Amino acid sequence: MTNEVEHPRSSPVKRGRWRAADTQRDGGGEGQSAARAAAPSTASRSPSPARGGGARRKRPSKTRDNLVYAAVWLACAAPLVWLAFRAFTGDLGANPIETLIRQLGVWGMRLLLVGLAITPAAVILRKPRLLRFRRTIGLFAFAYVSLHLLSYIGVDLYFDFGQLWKDILKRPFITLGMAAFVLLVPLAVTSTNGWVIRMGRAAWSRLHWLIYVIVPLGVAHYYLLVKADHRPPLVYAGILAVLLGWRVWRKVAK
Amino acid sequence: MLIRHRPDLTDNDVTDRGLYLRRREFIAGAAGLGLAGLGGVASAAPLAFTKGFSTTEKPTPKNDITSYNNFYEFGVDKGDPAQNAGKLKTRPWTVRVDGACEAPRTFDIDELIKNKLEERIYRLRCVEGWSMVIPWVGFPLKDLIAAVKPTSKARFVAFETLMRPSEMTGQRWDVLQWPYREGLRIDEAVHPLTLIAVGLYGETLPNQNGAPLRLVVPWKYGFKSIKSITRISLVERQPPTAWNLSAPREYGFYSNVNPAVDHPRWSQATERRIGEFRRRDTLAFNGYGEWVADLYRGMDLKRNF
Numbered sequence: 564m565t566n567e568v569e570h571p572r573s574s575p576v577k578r579g580r581w582r583a584a585d586t587q588r589d590g591g592g593e594g595q596s597a598a599r600a601a602a603p604s605t606a607s608r609s610p611s612p613a614r615g616g617g618a619r620r621k622r623p624s625k626t627r628d629n630l631v632y633a634a635v636w637l638a639c640a641a642p643l644v645w646l647a648f649r650a651f652t653g654d655l656g657a658n659p660i661e662t663l664i665r666q667l668g669v670w671g672m673r674l675l676l677v678g679l680a681i682t683p684a685a686v687i688l689r690k691p692r693l694l695r696f697r698r699t700i701g702l703f704a705f706a707y708v709s710l711h712l713l714s715y716i717g718v719d720l721y722f723d724f725g726q727l728w729k730d731i732l733k734r735p736f737i738t739l740g741m742a743a744f745v746l747l748v749p750l751a752v753t754s755t756n757g758w759v760i761r762m763g764r765a766a767w768s769r770l771h772w773l774i775y776v777i778v779p780l781g782v783a784h785y786y787l788l789v790k791a792d793h794r795p796p797l798v799y800a801g802i803l804a805v806l807l808g809w810r811v812w813r814k815v816a817k
Numbered sequence: 280m281l282i283r284h285r286p287d288l289t290d291n292d293v294t295d296r297g298l299y300l301r302r303r304e305f306i307a308g309a310a311g312l313g314l315a316g317l318g319g320v321a322s323a324a325p326l327a328f329t330k331g332f333s334t335t336e337k338p339t340p341k342n343d344i345t346s347y348n349n350f351y352e353f354g355v356d357k358g359d360p361a362q363n364a365g366k367l368k369t370r371p372w373t374v375r376v377d378g379a380c381e382a383p384r385t386f387d388i389d390e391l392i393k394n395k396l397e398e399r400i401y402r403l404r405c406v407e408g409w410s411m412v413i414p415w416v417g418f419p420l421k422d423l424i425a426a427v428k429p430t431s432k433a434r435f436v437a438f439e440t441l442m443r444p445s446e447m448t449g450q451r452w453d454v455l456q457w458p459y460r461e462g463l464r465i466d467e468a469v470h471p472l473t474l475i476a477v478g479l480y481g482e483t484l485p486n487q488n489g490a491p492l493r494l495v496v497p498w499k500y501g502f503k504s505i506k507s508i509t510r511i512s513l514v515e516r517q518p519p520t521a522w523n524l525s526a527p528r529e530y531g532f533y534s535n536v537n538p539a540v541d542h543p544r545w546s547q548a549t550e551r552r553i554g555e556f557r558r559r560d561t562l563a564f565n566g567y568g569e570w571v572a573d574l575y576r577g578m579d580l581k582r583n584f
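Line by line, the protein sequences give chains H and C.
Heads up: the first sequence is residues 564 to 817, going by the working numbering.
Heads up: the second sequence is residues 280 to 584, going by the working numbering.
Treat the hints with care, as some may be off.
Unchecked claim - Straight-line C-alpha distance at most 20 Å; calculated PhoX-like pairs for lysine-lysine:
(1) K330/C with K421/C
(2) K432/C with K421/C
(3) K733/H with K581/C
(4) K690/H with K625/H
(5) K581/C with K729/H
(6) K790/H with K733/H
Derived from the structure by calculation, the hints contain no laboratory data.
The structure presented is a predicted model; accordingly, all values stated were derived computationally and were not measured.
Generate coordinates for the entire structure from the input sequences, incorporating the hints supplied.
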């Protein structure tokens, strides 16, 4: 869900995640920056003989690829499973509803930041294939954020929409959080390959640029919620600043 | 002021008498399992007390009262105090009572515990929108104030928590201006509902609940009820208070429970009673208006929040 396009590539008919079969060779050559390799272009798809020995990387096996993908998926789902387990065993403390809402929010925030970290990681580590995880992680983040909001509206407020509306208008942290969620919805909806094609890559990218608004809103939402100890939200703000700063720096450096 | 309200609770309403009498077996059992060393259990001592003014509502389970605390001296998470407060040494402990009075004195906690103690089951409403019902054991603050013979200059009472970063590890970081301070107007302080608590559920206070003695002002938000007190001063001017210093727009000096005055972060119209699923309506003065509303007659409580 970042502005770097989710590679509709030249074979848009392929559905689902980018697996071994439709991913290119790992890393690109030594002579070529990984950033370029990560960028969707037909040029980088065709193995270039000019790059000499560097291109001799092995394509990972399909099994290994599936295993890696499963591991990412399980890692994303693990906090939710753990939270559900604690909820059912009555291990969420004296105020389980607060714990539930807090934890869902924190994990949504973490996954959004992980999502933003993938492009820099892919470029810096020269592992463009990491990019295939962006959609999974982004959608998991959306799932956590949705459950976070749903548990606030459904469990905490017990669908008291009058109160919800007052909260949105009167409490800045809820105003910002709600704005972040509303902006996140179209990104989740248009996360499929079909939507990339329907919208065209440029428009799709422009839309998904919104993530750079959404995540800061999320961090501000957290910051404004905290009573006195602002260190935890500032840690998230710091990480966000690095991830956004890297993008700015790369733009400027070009 | 005389409180005409008969406590309509019987002894059995707090903890089943049979269970209560067998509490030592439980402790012995825990010791047998090698758990006695784990904090509160070993140090809690039973107190002698009579029954006092109490709500008829069902007390919150002790485990919740002692595991969900805002006590920033031991960390900002609500689970932190139960984890970290074991380090605090509550003996020897003295409380200095001084200021605008004729007979300033230093009281020893063991002397205070020998006072006539009573149990008062009060609602506690936190500014964060949750509440509990807690069976405190203590004595009215007015007794302590009377003992030092206040002068006419005693218009406010200032309270201070212990400052000891070696044991109160949260004090190593200035998340609030330490030591924690609180204040009451003198008429609030000598109100019969205002309690100095030395215990809960019939035993001495666990450290995370403000051992060895704390204030309890049931009609104000919980942060007014300062914990682990070492000093009480009678003063002429309204004293500075910790949360008010931290965020004056959010926490006023009075901080009476008031569903009509919202906190910027939380609606104060409703609250979640710990252990309950649905929110319930918050009552003005936390339901104690009948006894305390007179203190504020003629005041604009939206401005003096």
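Original post:
Among all the numbered hints in the text so far, which are the ones the structure does not match?
Top reply: none
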